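Using the numbering used here, you'd call the opening residue of the sequence shown number 1 and step up by one each time.
Some hints could be false.
[Stated by the list, open to error] Derived DSSO-like pairs (lysine-lysine); straight-line CA-CA distance at most 30 Å:
no.: 1; residue 1: K120; residue 2: K131
no.: 2; residue 1: K159; residue 2: K36
no.: 3; residue 1: K131; residue 2: K159
no.: 4; residue 1: K67; residue 2: K159
no.: 5; residue 1: K85; residue 2: K67
no.: 6; residue 1: K85; residue 2: K159
no.: 7; residue 1: K120; residue 2: K60
no.: 8; residue 1: K120; residue 2: K159
no.: 9; residue 1: K36; residue 2: K85
no.: 10; residue 1: K36; residue 2: K67
no.: 11; residue 1: K131; residue 2: K67
no.: 12; residue 1: K36; residue 2: K131
no.: 13; residue 1: K36; residue 2: K120
no.: 14; residue 1: K85; residue 2: K120
Calculated directly from the structure, the hints in this document are not laboratory data. Since the model is a prediction, treat every value here as computed from it, not as a measurement.
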Amino acid sequence: MTDAKWQQKNKGAFDTALHDRDFHLWTQHQIACLQKEQWAEVDVENLVEELADLSRSEQKELGSYLKVLLMHLLKWQYQSERHTKSWTIAIANCRDSIQDCLEDSPSLQRFLEEAGWVAKYYRRARRDAVKETELSADTFPTVCPYTMAQILDSQFWPKTIEC
1 MTDAKWQQKN KGAFDTALHD RDFHLWTQHQ IACLQKEQWA EVDVENLVEE
51 LADLSRSEQK ELGSYLKVLL MHLLKWQYQS ERHTKSWTIA IANCRDSIQD
101 CLEDSPSLQR FLEEAGWVAK YYRRARRDAV KETELSADTF PTVCPYTMAQ
151 ILDSQFWPKT IEC
């Protein structure tokens, strides 16, 4: 039975509790209500919450790619003897994924321009680089040593530093 047929058969069964019982069905119902301009049927409270969560999710996705990219750039710079093809691929993939995020939602660019936001993900990248490399935390700069232009530039590879 299709979602539309099930919805028609169970027309009176929709309420805000559906959001918690069957999220997929709730989303399909909300889409149908919006398309048909059935405003009274729209679960505004949960819809607003879900849209806010979606926005935060995109921001976190961008931050996650940035963190992994920064960690690999640090490893590249401070462990030159261990460069691997997988690091090169991971760096390229993160840059591609960040670009994809920005193409899908250009307004996310503002986060990459926000020093505090970038610093948060750099701190996490530094922490993870320490764990992965087993080098002292003092090895890595406390402040991100790369500009955003460098971070996103597919031609940029940090100069190696021997530890």
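Restraint status (C-alpha distance of K36 to K67 at most 30 Å): Violated, at roughly 42 Å.
Quickly compare the C-alpha distance for K120 and K131 to 30 Å and report which way the hint goes. holds, 17 Å
Hinted pair K120 and K60, Cα distance within 30 Å: Between K120 and K60 the Cα gap is close to 12 Å, so the pair holds against 30 Å.
Take the C-alpha atoms of K85 and K120, compute the straight-line distance between them, and say whether it is at most 30 Å. holds, 28 Å
Run the distance test for K36 versus K120: straight-line Cα separation, threshold 30 Å. violated, 43 Å
Does the structure keep K85 and K67 at a Cα separation of 30 Å or less? Holds - the C-alpha atoms of K67 and K85 are around 19 Å apart, at most 30 Å.
Need the status of pair K120, K159: alpha-carbon distance at most 30 Å? holds, 23 Å
Does the structure keep K36 and K85 at a Cα separation of 30 Å or less? Violated, at about 52 Å.
Given the proposed pairing of K36 with K131, does the C-alpha separation stay at or below 30 Å? With a Cα-Cα distance of about 53 Å, the restraint between K36 and K131 is violated, given a limit of 30 Å.
Sort out whether K159 lies within 30 Å of K131, counting only the CA atoms. Holds, at roughly 21 Å.
Please work out if K131 and K67 have their alpha carbons no farther apart than 30 Å. Holds, at roughly 14 Å.
30 Å Cα cutoff - pair K67, K159: Within the cut-off at roughly 19 Å; holds.
Against the hints set out earlier in the document, violations occur for numbers 2, 9, 10, 12 and 13.
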